Amino acid sequence: MNDANVYAVKTLTKKEYFAPGHRSCLGCGEALAVRLVHKALGRNVITASATGCMEIVSSPFPLTSWEIPWIHVAFENAAAVAGGIEAALKVLQRKGKISDKKVSVVAMAGDGGTVDIGLQALSGAMERGHKFLYVCYDNEAYMNTGVQRSSATPFGAHTTTSPAGTVVPGQVTWKKNMPEIAVAHKIPYVATATPSYPLDLVNKIKKGIAADGPAYVHILSVCPTGWGIASEETIKFGRLAVQTGFFPLYEVENGKYKITVDFEELMPLEQYLLPQRRFRHLAEDTLGYIRGRVAEQWEELQKRSAE
Amino acid sequence: MVVFKKGKGGEKVLEIRFHGRGGQGAVTSAELFAQAAIMEGKYAQAFPSFGPERRGAPVVAFCRIDDRPIFLRTEINEPDIVMVLDPSLLSVVDVTAGLKDDGILIINSEKEPHHFMLERLEQAATINATQIALDILKRPITNTVLLGALARISAVVKMESIIDAIEQRFDAKNAARNVQALQKAFAETLILSKNDCKPESLNSFQKYIAAASTTREGAPKADSEYLWNELQPGCVVTDAGNAKSFRTGDWRSFLPVLNKERCIRCGVCWVFCPDMAYRQDQEGYYLVDLDYCKGCGICAQECPVGAIQMEMEKEADAV
Numbered sequence: 001m002n003d004a005n006v007y008a009v010k011t012l013t014k015k016e017y018f019a020p021g022h023r024s025c026l027g028c029g030e031a032l033a034v035r036l037v038h039k040a041l042g043r044n045v046i047t048a049s050a051t052g053c054m055e056i057v058s059s060p061f062p063l064t065s066w067e068i069p070w071i072h073v074a075f076e077n078a079a080a081v082a083g084g085i086e087a088a089l090k091v092l093q094r095k096g097k098i099s100d101k102k103v104s105v106v107a108m109a110g111d112g113g114t115v116d117i118g119l120q121a122l123s124g125a126m127e128r129g130h131k132f133l134y135v136c137y138d139n140e141a142y143m144n145t146g147v148q149r150s151s152a153t154p155f156g157a158h159t160t161t162s163p164a165g166t167v168v169p170g171q172v173t174w175k176k177n178m179p180e181i182a183v184a185h186k187i188p189y190v191a192t193a194t195p196s197y198p199l200d201l202v203n204k205i206k207k208g209i210a211a212d213g214p215a216y217v218h219i220l221s222v223c224p225t226g227w228g229i230a231s232e233e234t235i236k237f238g239r240l241a242v243q244t245g246f247f248p249l250y251e252v253e254n255g256k257y258k259i260t261v262d263f264e265e266l267m268p269l270e271q272y273l274l275p276q277r278r279f280r281h282l283a284e285d286t287l288g289y290i291r292g293r294v295a296e297q298w299e300e301l302q303k304r305s306a307e
Numbered sequence: 001m002v003v004f005k006k007g008k009g010g011e012k013v014l015e016i017r018f019h020g021r022g023g024q025g026a027v028t029s030a031e032l033f034a035q036a037a038i039m040e041g042k043y044a045q046a047f048p049s050f051g052p053e054r055r056g057a058p059v060v061a062f063c064r065i066d067d068r069p070i071f072l073r074t075e076i077n078e079p080d081i082v083m084v085l086d087p088s089l090l091s092v093v094d095v096t097a098g099l100k101d102d103g104i105l106i107i108n109s110e111k112e113p114h115h116f117m118l119e120r121l122e123q124a125a126t127i128n129a130t131q132i133a134l135d136i137l138k139r140p141i142t143n144t145v146l147l148g149a150l151a152r153i154s155a156v157v158k159m160e161s162i163i164d165a166i167e168q169r170f171d172a173k174n175a176a177r178n179v180q181a182l183q184k185a186f187a188e189t190l191i192l193s194k195n196d197c198k199p200e201s202l203n204s205f206q207k208y209i210a211a212a213s214t215t216r217e218g219a220p221k222a223d224s225e226y227l228w229n230e231l232q233p234g235c236v237v238t239d240a241g242n243a244k245s246f247r248t249g250d251w252r253s254f255l256p257v258l259n260k261e262r263c264i265r266c267g268v269c270w271v272f273c274p275d276m277a278y279r280q281d282q283e284g285y286y287l288v289d290l291d292y293c294k295g296c297g298i299c300a301q302e303c304p305v306g307a308i309q310m311e312m313e314k315e316a317d318a319v
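Protein sequence lines, in the order shown, are assigned to chains A and B. First residue of the first sequence: 1, per the numbering used here; consecutive thereafter. First residue of the second sequence: 1, per the numbering used here; consecutive thereafter.
Hints may be right or wrong, so weigh each one.
Listed next, with one range per pair, are the computed distances between beta-carbon atoms [what the hints assert, rightly or not]: (1) ILE70(B) to LYS97(A): 54 to 60 Å; (2) TYR289(A) to PRO220(B): 38 to 44 Å; (3) LYS258(A) to ALA211(B): 53 to 59 Å; (4) THR145(A) to ALA187(B): 37 to 43 Å; (5) LEU92(A) to MET312(B): 54 to 60 Å; (6) SER201(B) to THR145(A): 42 to 48 Å; (7) THR145(A) to GLY218(B): 46 to 52 Å; (8) ASN177(A) to GLN282(B): 46 to 52 Å; (9) VAL168(A) to SER201(B): 45 to 51 Å.
Because the hints were derived from the structure by calculation, they are not lab data. Remember, it's a predicted structure, so these values are computed and weren't measured experimentally. Think of the CB as a built atom: it goes at the ideal place given N, C-alpha and C, for glycine as much as any other residue.
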C-alpha cells in the first residue's frame, strides 16, 4: 500500500454513478474500475458499452446499476456508437436544439470487445478524431463466457481455449499492445491504469476526457475467477502487475511518454505470476522468456519517457 | 422412498431441482446423477438455469430422468425432489416453489428434518453435508456429498452407479475421497415422513419461506411478469440505478467486522470496495452495508492498520 493512497483517497467524490446491486463476482476488479472511472467522469456523461461482463452484471432487465445515460450495443461497435453520439451532440448543439452544456462521451468494452472484436470500429473512431474517451477494461480473456483466450491474454496463461499441457505452455502469443496501437493513431491522450492505484486512475480518466480529441485508457482489471486467485487479492495482484513491470502504468500525452508509477527496481516477476492458477504451470524456460520480454518492454518505456 | 411416477402419457419421469450458489457445483451434482441414470440404461438430462449470476449468487440446476427418450427441453418448475446445497439459501430463495404435493425436500443442514417439514410434503430429509465435506474433502463443497442423501431417498438410481459416475469424472484420488463422503452421507441422512412428524412442528418452515426474498423494497417486478405492451421501446430502463433494490449481500459467506479502536478512518476500504457497500457515518467511520457486501474480503486485506477481520457467516437463525 503506498502512502498517497491511504491519505488521499478521501479526496474522491462520495457520489456513486455505478449503483450497488450489480451481479459481478466477489472481488471483481472490473466492477471496481467501472466505479472509479465513473467517479472521475461525474454526472454529465453518456456511456456506450460493448457486450461483456460489465454489460451482463450491470443491466439484467428490469434492473440497472447505471445512474447515468448508458446504452448497450453490440460487441464490435461501442466506439462507432460513441462516435455517433458525439457527432449528434455536436450537431444538435450547433443548431441550438439542446443546451450547450458540456457532455462527455465515453465508450467502454472489455479486452475482447477492444483488441479483438471492436478494434476496427475503435480504429475508425480514433482516425476520424471524435472527441470521446475509450476505456478498455482488460481482464485478459473472455471471462464472461468462461475464460476463453483473447489477443490480450498474456503469454503462457492457461485458458479453456489455450490449455497448458506437456508441450504447449498455455497461450503461445504475446499480449497485443493495444495502448501502442492507440498511440500510433496520433491521438492526444493514451494511458494505462489499474484500480489498485485509484488516484492515478482517476487522474488519467480526467485528463483523457479533457483532451481535445480521442483518448484511450487501458485499465488492467484483475479477475479473481478467471485468473485463479482469492477474491480478496484483487488489489494486491493489480499492484504486483505494476511493481513487477508486467503492466507498467504510463501515459502518452501528444506523443510524450511519461511513466506515472515509476520504480528504481522492479520486483521479481515470479511473485506476480506463480501464485495465479493460470500461470502456475510455467516452467523456468518459459518464465525466462517472459522475464526477458518484460524487461525489454520496461527498458523501452524508460527510454521513451526520458526523451 | 420414491420410485418412478406415471406421467400423463403413462411414461415414468423423475424431476429434481438443485439449489446452490455459483461455484458450489450444483450443476456437477445434477450431471453426476444424470450420468448414473444413463449408465443404468435410463434416459436423463442435466442442465443449469442461465442467468447473469456469478460466483456466490443463488443458482439452480435441473435433472430429469425417464425410462423413455426425453423430448422436453424446459426448466423444471414442478420438481418431485428439491435439493438444497447451501442452508444460507433458505432465507433468500423459496426453495419449495412448485415442489409437488407429495414431493421430497432434501436440505444440507445440521438441524433435524422436522424443522423443514411442510404439511403438503411426503418426506423431508437433512444431512450435515458441510461437515462431512470439511471432514473428508477438506473443503465446504457439498455437491457430491448430497448425492448420497439423494441415493438413499430415491430408488431410481443405484448407489453403485453414482460411484461409477464419480469415478469416471474425477481422478483416482479425488474420486476415492468423494466416494467416501458419499457413503458417509448415505448412512447419516435423516429422513422424516409426514406421518411421523409432530403436528406442532409442521409448517414452522412455512412462514420462513414466505419471507425469503432477494430484493429490497421498491424493486420492480420480475422480468417474466412484464407484458409486451408494458415494455419501453428497446427495453429502456428509465429508473436509473434501480439495481439498488437487489440484495447481493445474500451471496456472502464471510462478513467483514470492523474494530473501531484500530480504525484510522482513512477510507481505503471504501475506495477499494467493488460493490459500493461502504458508507461513511457521521463520526467518519466507514461502515459496511450488509445488503450489498458480497464478502470478497478486499477491505480486510487492504486495510492499512488491520482493523477489519473476515468472520464466517452463520446459518440463518430463524429456522
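Given the hint of 38 to 44 Å, check if TYR289(A) and PRO220(B) actually sit that far apart at their C-beta atoms.
-> violated (53 Å)
Hint says 45 to 51 Å; check whether the CB-CB distance for VAL168(A) and SER201(B) agrees.
-> violated (59 Å)
Hint says 54 to 60 Å; check whether the CB-CB distance for LEU92(A) and MET312(B) agrees.
-> holds (56 Å)
Cβ distance range 54 to 60 Å for ILE70(B) and LYS97(A), holds or violated = Given range 54 to 60 Å: holds, Cβ gap about 59 Å.
Satisfaction of the hinted span 46 to 52 Å by the C-beta atoms belonging to THR145(A) and GLY218(B) | violated (33 Å)
Taking the beta carbons of ASN177(A) and GLN282(B), is their distance inside 46 to 52 Å?
-> holds (48 Å)
Assessment of proposed distance window 37 to 43 Å (beta carbons of THR145(A), ALA187(B)) | Hint holds: Cβ distance 41 Å, inside 37 to 43 Å.
Range hint 42 to 48 Å (beta carbons of SER201(B) and THR145(A)) holds or violated | At 46 Å between Cβs, range holds.
That 53 to 59 Å hint for LYS258(A) and ALA211(B) (C-beta), does it hold up?
-> Because 56 Å falls inside the window, the suggested range holds.
Violation of the numbered hints given earlier is confined to hints 2, 7 and 9; the remaining hints are satisfied by the structure.
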